[in-house]
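Which chain is which? The protein sequence lines are A and B, in order. In terms of our numbering, the first sequence opens at residue 216 and continues consecutively. In terms of our numbering, the second sequence opens at residue 216 and continues consecutively.
Any given hint could be a false lead.
It does not matter which identical chain is used: a pair holds within one copy or between any two.
The calculated lysine to aspartate or glutamate pairs, modelled on DMTMM-like cross-linking and capped at a C-alpha distance of 20 Å, are [said to hold, decoys possible]:
#1 291 <-> 498
#2 377 <-> 419
#3 317 <-> 515
#4 440 <-> 369
#5 425 <-> 465
#6 372 <-> 488
#7 481 <-> 457
#8 458 <-> 495
#9 221 <-> 346
#10 240 <-> 284
#11 440 <-> 486
None of these hints come from the bench; they were simulated from the model.
2 protein chains.
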Amino acid sequence: MSQKKKKIVTVGGGTGSYTVLSGLKNLEGISLTAIVSMADNGGSTRILRDELGVLPPGDVRQCLVALSEHSEAVRKLMSYRFAHGSLKSHSFGNILLAALEKVTGRFSQGVRVASEILKVKGEVIPVTDNEADLCISLTGGKKIKGQIEIGNTDLQKKGFKKIFFAKKVKLNERAREALLAADYVIIGPGTYYESLVPNLIVPEFKKTLKKSGAKIILPVNLTNKKGHTLYWKASDYVKNTEKYLGRQVDFVLLNNQPPSLAQIRKYKLKEGDGVLVEDDFFDPRAVRRPLISHALIKYDKNDVRQKFRSFIRHDSKKIAKSVAEIIKRKIPR
Amino acid sequence: MSQKKKKIVTVGGGTGSYTVLSGLKNLEGISLTAIVSMADNGGSTRILRDELGVLPPGDVRQCLVALSEHSEAVRKLMSYRFAHGSLKSHSFGNILLAALEKVTGRFSQGVRVASEILKVKGEVIPVTDNEADLCISLTGGKKIKGQIEIGNTDLQKKGFKKIFFAKKVKLNERAREALLAADYVIIGPGTYYESLVPNLIVPEFKKTLKKSGAKIILPVNLTNKKGHTLYWKASDYVKNTEKYLGRQVDFVLLNNQPPSLAQIRKYKLKEGDGVLVEDDFFDPRAVRRPLISHALIKYDKNDVRQKFRSFIRHDSKKIAKSVAEIIKRKIPR
Numbered sequence: 216m217s218q219k220k221k222k223i224v225t226v227g228g229g230t231g232s233y234t235v236l237s238g239l240k241n242l243e244g245i246s247l248t249a250i251v252s253m254a255d256n257g258g259s260t261r262i263l264r265d266e267l268g269v270l271p272p273g274d275v276r277q278c279l280v281a282l283s284e285h286s287e288a289v290r291k292l293m294s295y296r297f298a299h300g301s302l303k304s305h306s307f308g309n310i311l312l313a314a315l316e317k318v319t320g321r322f323s324q325g326v327r328v329a330s331e332i333l334k335v336k337g338e339v340i341p342v343t344d345n346e347a348d349l350c351i352s353l354t355g356g357k358k359i360k361g362q363i364e365i366g367n368t369d370l371q372k373k374g375f376k377k378i379f380f381a382k383k384v385k386l387n388e389r390a391r392e393a394l395l396a397a398d399y400v401i402i403g404p405g406t407y408y409e410s411l412v413p414n415l416i417v418p419e420f421k422k423t424l425k426k427s428g429a430k431i432i433l434p435v436n437l438t439n440k441k442g443h444t445l446y447w448k449a450s451d452y453v454k455n456t457e458k459y460l461g462r463q464v465d466f467v468l469l470n471n472q473p474p475s476l477a478q479i480r481k482y483k484l485k486e487g488d489g490v491l492v493e494d495d496f497f498d499p500r501a502v503r504r505p506l507i508s509h510a511l512i513k514y515d516k517n518d519v520r521q522k523f524r525s526f527i528r529h530d531s532k533k534i535a536k537s538v539a540e541i542i543k544r545k546i547p548r
Numbered sequence: 216m217s218q219k220k221k222k223i224v225t226v227g228g229g230t231g232s233y234t235v236l237s238g239l240k241n242l243e244g245i246s247l248t249a250i251v252s253m254a255d256n257g258g259s260t261r262i263l264r265d266e267l268g269v270l271p272p273g274d275v276r277q278c279l280v281a282l283s284e285h286s287e288a289v290r291k292l293m294s295y296r297f298a299h300g301s302l303k304s305h306s307f308g309n310i311l312l313a314a315l316e317k318v319t320g321r322f323s324q325g326v327r328v329a330s331e332i333l334k335v336k337g338e339v340i341p342v343t344d345n346e347a348d349l350c351i352s353l354t355g356g357k358k359i360k361g362q363i364e365i366g367n368t369d370l371q372k373k374g375f376k377k378i379f380f381a382k383k384v385k386l387n388e389r390a391r392e393a394l395l396a397a398d399y400v401i402i403g404p405g406t407y408y409e410s411l412v413p414n415l416i417v418p419e420f421k422k423t424l425k426k427s428g429a430k431i432i433l434p435v436n437l438t439n440k441k442g443h444t445l446y447w448k449a450s451d452y453v454k455n456t457e458k459y460l461g462r463q464v465d466f467v468l469l470n471n472q473p474p475s476l477a478q479i480r481k482y483k484l485k486e487g488d489g490v491l492v493e494d495d496f497f498d499p500r501a502v503r504r505p506l507i508s509h510a511l512i513k514y515d516k517n518d519v520r521q522k523f524r525s526f527i528r529h530d531s532k533k534i535a536k537s538v539a540e541i542i543k544r545k546i547p548r
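Okay, chain A solo, but in the shape it has when bound (with noise of 0.2 Å):
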């Protein structure tokens, strides 16, 4: 019976990936696996990086908290944050992860062992072992170091030319393993070049998806991020990621619903115009569903890096049931 499961796999951060596996967490008849950026280098993932010389374990915890079957007292633990002294700001979950590499001498062990003890449905794997401190060269010449560094650039009024890693990474083995086995490759939603595109630069991933028999799914994100992404539209998004993985994506999930008039109204106000992703993805790979999400948006605000959070997301369930559907229906192929 486990045989015929559909093995679906994720690849992305954190939030986006969150959303997306504890939507699926709950069908039936699938197996799942997330490959998971490592290239984070921000709030409590930057202090432990700094101080302790581990992995960043912040994307990893939030998709190991969406596959936990343990009690909500234990996924409630997990994302908790400290409020005061010198553990200030540092998500338990991230403090865990540190301590199991430290413990198990690899990161992606320790993400093992943690599995285990949150009784994780599914199996997250970073998408590789090595340091991976990612890099954008601009037109200029200029070249900016770290994830949340070029979060803070404005890449396209500097002008991108390449997206890199400092040293060489390696893809993970077991990643490799899930990305040739997977039935269906889910890529993103998540911030694009923060989250995405640092899985699909880490050489070897193009050249195993290429190999692998996995249609490719791709949830559209619903805004765009100023100085990334501002007004690009949703062809912009298959166009580019077709082009980092040499290859086409097989379904663009696109969501067909807009957000509530306080939503457009509260991110017009703080974001402006052209960060809403425009629907011109004509084409027979679409599959379009209300795919937004009404639910209020609690942050804490022990998280240092609450305020760059989107506040317009995907819905966690719908995601869910329109993947289900192209997994049965097999729309449009």
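Place chain B on chain A using the hints.
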């Protein structure tokens, strides 16, 4: 079948209870409950108490590790101490318990969730859920507050008068139930005024133990603490403990195996005379067995309190074997 299991309750602090529980865990036909002192205010525990206002996790952590049936990696994780940065010297397990107290709202509830995560065989119960600041009054009228401060005071020179808590503490309801249901209660080993007595002076402890049909086993300490119990003999431990309990102990477990010459030499060099507890307890309740550990104790260089930890210790297997003999043969009565 599980109703026939002998119910054993241990009472103590961190290191001593760890030793007893590690041994007893492997015995068949018993169920284990650890009642743990909450007076600790040193090292990593002190920082967490001061900065986060949580109850002291250190002793409970050690008992959880002793009873955990999880993988070796998880047990190592719990005792892992960070070596650098803002997390320096904190043990991971202490951080876990601090976070769980915050998430669940109550220390003993957090301990329960931790037990679930760690697959604990048996139950670990903090003796109280209240802040338990240990105090000692001296004959001159002076008062010393805090377990560590008490540990650093020469009570024998300055004149010990009374040991008590700064504020009212209440016996944990689960501890009360466990004491009432117990077949055997093992008190110690452990530093006398810092690990053992802070359990016995919790109001209702004495009364509850009197109501209980449990037999009391007292494994007498191997060494005395300078300034606290220097020159105490086995009979002093029995006499003093019975004073706190308001009743007789039923079995006095005494070591009849000398430490190695190397251990004695090292100990005398560091501590002087009168630290090895002499056996002067000639009473039918005495049970004499070889109980000493000859294992080399490895210290954790990131443990700020390592130099205070004893290096003449009970052997967990030997102590468990003796307890099993007491239970089976019911010697001497």
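For each hint given before, does the structure comply? Return the numbers of the non-compliant ones in rising order. When the structure is compared with the hints, numbers 1, 7 and 9 turn out to be violated.
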